[in-house]
Amino acid sequence: EVQLVESGGGLVQPGGSLRLSCAASGFTFSGYEMNWVRQAPGKGLEWISYIGSSGTPIDYADSVKGRFTISRDNAKNSLYLQMNSLRAEDTAVYYCARGLPPDYWGQGTLVTVSS
Amino acid sequence: NFMLTQPHSVSESPGKTVTISCTRSSGSIARNSVQWYQQRPDSPPTTVIYEDHQRPSGVPDRFSGSIDSSSNSASLTISGLKTEDEADYYCQSYDSSNQVFGGGTKLTVL
Chain A
1 EVQLVESGGG
11 LVQPGGSLRL
21 SCAASGFTFS
31 GYEMNWVRQA
41 PGKGLEWISY
51 IGSSGTPIDY
61 ADSVKGRFTI
71 SRDNAKNSLY
81 LQMNSLRAED
91 TAVYYCARGL
101 PPDYWGQGTL
111 VTVSS
Chain B
116 NFMLTQPHSV
126 SESPGKTVTI
136 SCTRSSGSIA
146 RNSVQWYQQR
156 PDSPPTTVIY
166 EDHQRPSGVP
176 DRFSGSIDSS
186 SNSASLTISG
196 LKTEDEADYY
206 CQSYDSSNQV
216 FGGGTKLTVL
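Residue numbers (the numbering used here), protein chains in the order written: chain A, 1 to 115; chain B, 116 to 225.
One chain only, chain A, in its complex shape (with noise of 0.2 Å):
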């Protein structure tokens, strides 16, 4: 069973940083391009980056390119977001999702950026 989940959201400081993770299991992590997609409170989704099976290629929504990095280790079957000069505009819960298109979505992490 495909099983992607998420950990490392939580509250945060306008500014700030925080580093998302998501764990693979269930597939051959190393054979998949994966996302990340987000959903701000009570919005649609949107997708913010992509990284290709082996680490590249590499793309970013303009939304976050040049704050957002987007990482993944298959060694250890897992995906990395770090976020850095977070805003309240990336209030969102964020999703990683397996594959181009998206097939299998975990549960989300929810990240808060707040004074």
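None of these hints come from the bench; they were simulated from the model.
The beta carbon of each residue, even a glycine, is placed where N, CA and C say it ideally should be.
Watch out, some of these pointers could steer you wrong.
To be verified - Cut-off 27 Å, straight-line C-alpha distance, at most; resulting in silico cross-link-like pairs (DSS-like, lysine-lysine):
| # | chain 1 | residue 1 | chain 2 | residue 2 |
| --- | --- | --- | --- | --- |
| 1 | B | LYS197 | A | LYS43 |
| 2 | B | LYS131 | B | LYS197 |
| 3 | B | LYS221 | B | LYS131 |
| 4 | B | LYS221 | A | LYS43 |
| 5 | A | LYS43 | A | LYS65 |
| 6 | A | LYS65 | A | LYS76 |
Said to hold, decoys possible - Looking from chain B toward chain A, a few residues come up when the C-beta cut is under 10 Å (computed):
| # | residue |
| --- | --- |
| 7 | PHE117 |
| 8 | GLN150 |
| 9 | PRO159 |
| 10 | GLY217 |
Take the given structure of chain A and dock chain B to it, following the hints.
Chain B alone, transformed into the frame defined by chain A:
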């Protein structure tokens, strides 16, 4: 970049058929595949249609997808509506690794 436009909401009665549209703003709808995701409250999205019209295992054949190049749009049709189909539905497509979601359509089954 392109946009995908969906109606904000649709409603229909149980047992009826509803169609949700998704119009691509630029570039051909056939350029890359269109996916449809269902999201119930407080749950992550799940795939109901991939590659324009394919259904994942476990998704009932009441769900079907199509694309129309003449209107540059994709459609999700749900027949024999059930109350459990009440959810938000999102279309998705991509150019290279850059991905776009539609704004979502709230389906009410009343």
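The hints, checked one at a time:
{"no.": "1", "hint": "B:LYS197 with A:LYS43", "in the structure": "holds (25 Å)"}
{"no.": "2", "hint": "B:LYS131 with B:LYS197", "in the structure": "holds (9 Å)"}
{"no.": "3", "hint": "B:LYS221 with B:LYS131", "in the structure": "holds (16 Å)"}
{"no.": "4", "hint": "B:LYS221 with A:LYS43", "in the structure": "holds (11 Å)"}
{"no.": "5", "hint": "A:LYS43 with A:LYS65", "in the structure": "holds (21 Å)"}
{"no.": "6", "hint": "A:LYS65 with A:LYS76", "in the structure": "holds (26 Å)"}
{"no.": "7", "hint": "PHE117", "in the structure": "violated (13 Å)"}
{"no.": "8", "hint": "GLN150", "in the structure": "holds (5 Å)"}
{"no.": "9", "hint": "PRO159", "in the structure": "holds (4 Å)"}
{"no.": "10", "hint": "GLY217", "in the structure": "holds (8 Å)"}
Going through the hint list in order, the structure does not satisfy hint 7, though it satisfies all others.
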